[in-house]
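Number of protein chains: 2
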Amino acid sequence: MGKKYKTTYQIPFYESDINQNVKLPHILSVALQVSGMQSLELGMSDEKIFKDYHLVWVITDYEIEIERLPRYAETVTIETEALSYNRYFCYRSFAIYSQEGQKIMTILSTFVLLDYDSRKVHEVVEAIIRPYASEKIKKINRGPKYHKLADPQETLYHVRYFDLDLNGHVNNSRYIEWMYDVLELDFLKTHIPRKISLKYVKEVHHGKDVLSRLEQSGLTTRHEIVSQGQLNAQASIEWRRL
Amino acid sequence: MGKKYKTTYQIPFYESDINQNVKLPHILSVALQVSGMQSLELGMSDEKIFKDYHLVWVITDYEIEIERLPRYAETVTIETEALSYNRYFCYRSFAIYSQEGQKIMTILSTFVLLDYDSRKVHEVVEAIIRPYASEKIKKINRGPKYHKLADPQETLYHVRYFDLDLNGHVNNSRYIEWMYDVLELDFLKTHIPRKISLKYVKEVHHGKDVLSRLEQSGLTTRHEIVSQGQLNAQASIEWRRL
Numbered sequence: 001m002g003k004k005y006k007t008t009y010q011i012p013f014y015e016s017d018i019n020q021n022v023k024l025p026h027i028l029s030v031a032l033q034v035s036g037m038q039s040l041e042l043g044m045s046d047e048k049i050f051k052d053y054h055l056v057w058v059i060t061d062y063e064i065e066i067e068r069l070p071r072y073a074e075t076v077t078i079e080t081e082a083l084s085y086n087r088y089f090c091y092r093s094f095a096i097y098s099q100e101g102q103k104i105m106t107i108l109s110t111f112v113l114l115d116y117d118s119r120k121v122h123e124v125v126e127a128i129i130r131p132y133a134s135e136k137i138k139k140i141n142r143g144p145k146y147h148k149l150a151d152p153q154e155t156l157y158h159v160r161y162f163d164l165d166l167n168g169h170v171n172n173s174r175y176i177e178w179m180y181d182v183l184e185l186d187f188l189k190t191h192i193p194r195k196i197s198l199k200y201v202k203e204v205h206h207g208k209d210v211l212s213r214l215e216q217s218g219l220t221t222r223h224e225i226v227s228q229g230q231l232n233a234q235a236s237i238e239w240r241r242l
Numbered sequence: 001m002g003k004k005y006k007t008t009y010q011i012p013f014y015e016s017d018i019n020q021n022v023k024l025p026h027i028l029s030v031a032l033q034v035s036g037m038q039s040l041e042l043g044m045s046d047e048k049i050f051k052d053y054h055l056v057w058v059i060t061d062y063e064i065e066i067e068r069l070p071r072y073a074e075t076v077t078i079e080t081e082a083l084s085y086n087r088y089f090c091y092r093s094f095a096i097y098s099q100e101g102q103k104i105m106t107i108l109s110t111f112v113l114l115d116y117d118s119r120k121v122h123e124v125v126e127a128i129i130r131p132y133a134s135e136k137i138k139k140i141n142r143g144p145k146y147h148k149l150a151d152p153q154e155t156l157y158h159v160r161y162f163d164l165d166l167n168g169h170v171n172n173s174r175y176i177e178w179m180y181d182v183l184e185l186d187f188l189k190t191h192i193p194r195k196i197s198l199k200y201v202k203e204v205h206h207g208k209d210v211l212s213r214l215e216q217s218g219l220t221t222r223h224e225i226v227s228q229g230q231l232n233a234q235a236s237i238e239w240r241r242l
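Protein chains in written order, with full-length UniProt numbering: chain A, 1 to 242; chain B, 1 to 242.
Note that these hints are calculated values from the structure, not bench results. Please note that a few of the clues may not be correct.
Which copy? The list can't say, so a pair holds if one copy fits it or any two copies do.
No farther apart than 27 Å at their CA atoms in a straight line, the calculated lysine-lysine pairs in the DSS-like style are these [to be verified]:
1) LYS189 to LYS138
2) LYS208 to LYS3
3) LYS48 to LYS148
4) LYS189 to LYS208
5) LYS202 to LYS189
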């Protein structure tokens, strides 16, 4: 068990959806920000590891369980813990607690250190990981197996200027926007995710078109984001009726 | 001179652009949130006027001057003042101060009260406006005259699910995203706005396609957002080289 860090956050109007819940991509961005705040507090900020090692933290996998989503104007508590790491992968959890103190979301995430120039995964650097006091393990958490979609429905999206973050890459949250957007509005008005598995495979760059692929079977949707024949991300979402 | 309200805000990673500045649509959303915080403090929250009057505040015009944009991780102070009002229009200013206390942005905005059901502008209600102690004036601030674009370049956008806010309408900030996105990436990497005039004419609804129209002449760009032959918004932006 590694070090924990927590902070509170109030859901703003402009990040609330038609059901008065937080927009999912937004709460994931905020969670990521919270892990950055822990790094800063431990003296191992993103700026420092970029300056000292030319490395950046990148998320490769999410496993998300949702009891309910934080609501508009609700002040939630977000707690994160650096759980464990092996040669290449670092595992971190997030728990989101309602205003009344009940756990409503858990997020398990896998981080890797990416070499900023080569864009290749770098081995975990002991000096970077030490302050988090997380457990060194041998086991690799493989996550779920994603099967290639056989006969998906496809929708085309163009990467937009504001999709880019300050690294000049498409922000992680946009992939989820493309996945959501191919679903019917009536479905999104009446369902929320119960469980999400999401894997980032390869970055999307500016000026590229992407296809958001969908297979829907009852309350399960399966997604692929693809550009120029290359798989960028894949996901599986289990929904429940509101 | 009406009542003032101020708060601080730190620019998050995921709302910072490739130049390490805040994304403009985001800081406008945050400013709007700050005016909502003032309303709450004065006992006249958005929820209350919706419940008591079935009215909602809507922005119709912005006049924005930018010395520089807030930077990634900078903690800025946002101060707002309810300046004055006449029969239909309420005028409100925002000033954004840098971490060092220097004024770096000013935003003049025009608000109206919209009847939620009919979507028609309602006269200002004295009981709603009283707590702000703003000045009653006769004068209508007409703002700049926008000339219809004669021969614009056009780009098609489809309204996406996450463009909608909890009212089920396209959030104001998205219009600016469509306006920005038609500009060349190289231009956006090397220029920031100095002065922006923006007028919201008519709401865009889900499922609609919009055209983002552009005329560019040196360091001035002129914009229209149009759907189904109907003008939704127009803007003029003066840029300066970074």
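The hints, checked one at a time:
no., hint, in the structure
1, LYS189 to LYS138, "neither (43 Å within a copy, 44 Å between copies)"
2, LYS208 to LYS3, "neither (39 Å within a copy, 48 Å between copies)"
3, LYS48 to LYS148, "neither (39 Å within a copy, 50 Å between copies)"
4, LYS189 to LYS208, "between (30 Å within a copy, 17 Å between copies)"
5, LYS202 to LYS189, "between (31 Å within a copy, 24 Å between copies)"
Hint check: violations occur at hints 1, 2, 3; the rest are consistent with the structure.
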